[in-house]
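Hints given; two lone chains; assemble the complex.
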Amino acid sequence: MNGYAIVIATDEFEKITAASIIGSIAAASDIPVDVFVTMNGLRPFEHEVVETRDFTTGPLGEAMLTSEETEVPLFTEQFRDARDMGPMNLYACTMAMEMWGRELDDYVDIFDDELGVSGFLTKAADKQVIFV
Amino acid sequence: MSEQLTADVTIDARGAGCPGPLMDLIGKVKKADSGTVFELQTSDRGSVTDVPEWVEKAGHELLETVEHDDYWSIYVEKA
Numbered sequence: 001m002n003g004y005a006i007v008i009a010t011d012e013f014e015k016i017t018a019a020s021i022i023g024s025i026a027a028a029s030d031i032p033v034d035v036f037v038t039m040n041g042l043r044p045f046e047h048e049v050v051e052t053r054d055f056t057t058g059p060l061g062e063a064m065l066t067s068e069e070t071e072v073p074l075f076t077e078q079f080r081d082a083r084d085m086g087p088m089n090l091y092a093c094t095m096a097m098e099m100w101g102r103e104l105d106d107y108v109d110i111f112d113d114e115l116g117v118s119g120f121l122t123k124a125a126d127k128q129v130i131f132v
Numbered sequence: 133m134s135e136q137l138t139a140d141v142t143i144d145a146r147g148a149g150c151p152g153p154l155m156d157l158i159g160k161v162k163k164a165d166s167g168t169v170f171e172l173q174t175s176d177r178g179s180v181t182d183v184p185e186w187v188e189k190a191g192h193e194l195l196e197t198v199e200h201d202d203y204w205s206i207y208v209e210k211a
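Those protein sequences? They're chains A and B, same order as listed. For what it's worth, the numbering used here labels the leading residue of the first sequence as 1, then goes sequentially. For what it's worth, the numbering used here labels the leading residue of the second sequence as 133, then goes sequentially.
Hint data in this document are derived by calculation from the structure and do not stem from the laboratory. The beta carbon of each residue, even a glycine, is placed where N, CA and C say it ideally should be. Misleading hints may appear alongside valid ones.
Said to hold, decoys possible - Straight-line C-alpha distance at most 35 Å; calculated DSBU-like pairs for lysine-lysine:
| # | chain 1 | residue 1 | chain 2 | residue 2 |
| --- | --- | --- | --- | --- |
| 1 | B | LYS162 | B | LYS189 |
| 2 | B | LYS189 | B | LYS163 |
| 3 | A | LYS123 | B | LYS160 |
| 4 | B | LYS189 | A | LYS127 |
| 5 | A | LYS15 | B | LYS162 |
Stated by the list, open to error - Here are the in silico distance ranges between beta carbons for each label pair:
| # | chain 1 | residue 1 | chain 2 | residue 2 | range |
| --- | --- | --- | --- | --- | --- |
| 6 | B | LYS162 | A | ASP113 | 47 to 53 Å |
| 7 | A | GLY119 | B | HIS200 | 46 to 52 Å |
| 8 | B | ASP144 | A | LEU121 | 42 to 48 Å |
| 9 | B | ASP202 | A | THR56 | 32 to 38 Å |
| 10 | B | GLY147 | A | HIS47 | 41 to 47 Å |
| 11 | B | VAL180 | A | ALA18 | 17 to 23 Å |
| 12 | B | GLU193 | A | GLU51 | 42 to 48 Å |
| 13 | B | LYS189 | A | GLU46 | 21 to 27 Å |
| 14 | B | ALA211 | A | ALA18 | 27 to 33 Å |
| 15 | B | THR168 | A | ASP113 | 33 to 39 Å |
| 16 | A | GLY116 | B | THR138 | 26 to 32 Å |
| 17 | A | ASP113 | B | LYS189 | 27 to 33 Å |
Excised from the complex, chain B in its bound form (with noise of 0.2 Å):
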């Protein structure tokens, strides 16, 4: 459930177009340590299938994404 996750970042992107979360986050991430919990705050409908498959190949961790009202919130753990 979303209420258990605790973000230890998070990134307020609502209102970027793409790729503005996704590079918003890559930013963040890069100079995170491993295990970082972050939570992307997007309202970009395409970062919900674009950020997914940026954290596979990247090798780090999709915990959950959590659809708000107006936007979602993409958990992702750094490897």
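Only chain A is shown next, with the shape it has when bound in the complex (with noise of 0.2 Å):
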């Protein structure tokens, strides 16, 4: 095993975020992670939806967005900052942005490029598969 392969299928909020905490703290700690994001997982990453917090939540992400005691950082920025400190790649899947009719410039400016299903097997075949 040679780091995570995370795939990010779900718009649901607190996934998400669960989802860029483990894979930060792995790349902080210098173990390889690939983050694919497909399906709705895309939608959280527009511009728009960043900027307006409209998530898809539960009681718990409504906490975290305005939680005044405790300061969580949105998974775009945990995303962000684990890119700069260890090796972690994040890819938007190509056919899920041609069904949303979006490009790669219409989400936040963390990913490294677009990929397809080969493209990504090829980069997950040495690691461990995390889906949400």
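Following this line, the structure appears as structure tokens:
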């Protein structure tokens, strides 16, 4: 096993946040991490959604977004910090982008590239896959 | 005793939730010289167990954890 391949296919704020926390600590600890964002998972990465905080959340997500006592970094900031600290790469799914009618520029600037399933499987070949 | 410990670098991560304190520590440790002593100040209860786990796995030394009224000081020496 040579790191983690995290597939984000959900638009649920809490699940994406959890994935960002786990992946970020791994990458910051010099464990290779590839993140593949696909299906509904792409929507929360859109500029407008991030700016308006229009996320799909449950009670905990609401608490994380509004807490005045505890500062919880947004998953986009978490991924950005992790990319600066360790071996982490993020990829947006080409097929899902086409279905959404989006380009890479429509998303926050944390993606290294867009990728198809074959490309992702190549990157995931020697990694433990985490699917959220 | 905690009074005897003197940190070279103090990281004030009070108010930050998981994984902020640990990320702050990792970032600073990576750039420091061997032997540097850090004091991580955190009000995140999870850090009290999570930081030592990382410290051990990364091969550094956990010197002491001091509990204050509303936060903890976790002292770590870089290997």
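Against the structure, test the hints numbered earlier, and report the numbers of the ones violated in rising order. 6, 10, 13, 16
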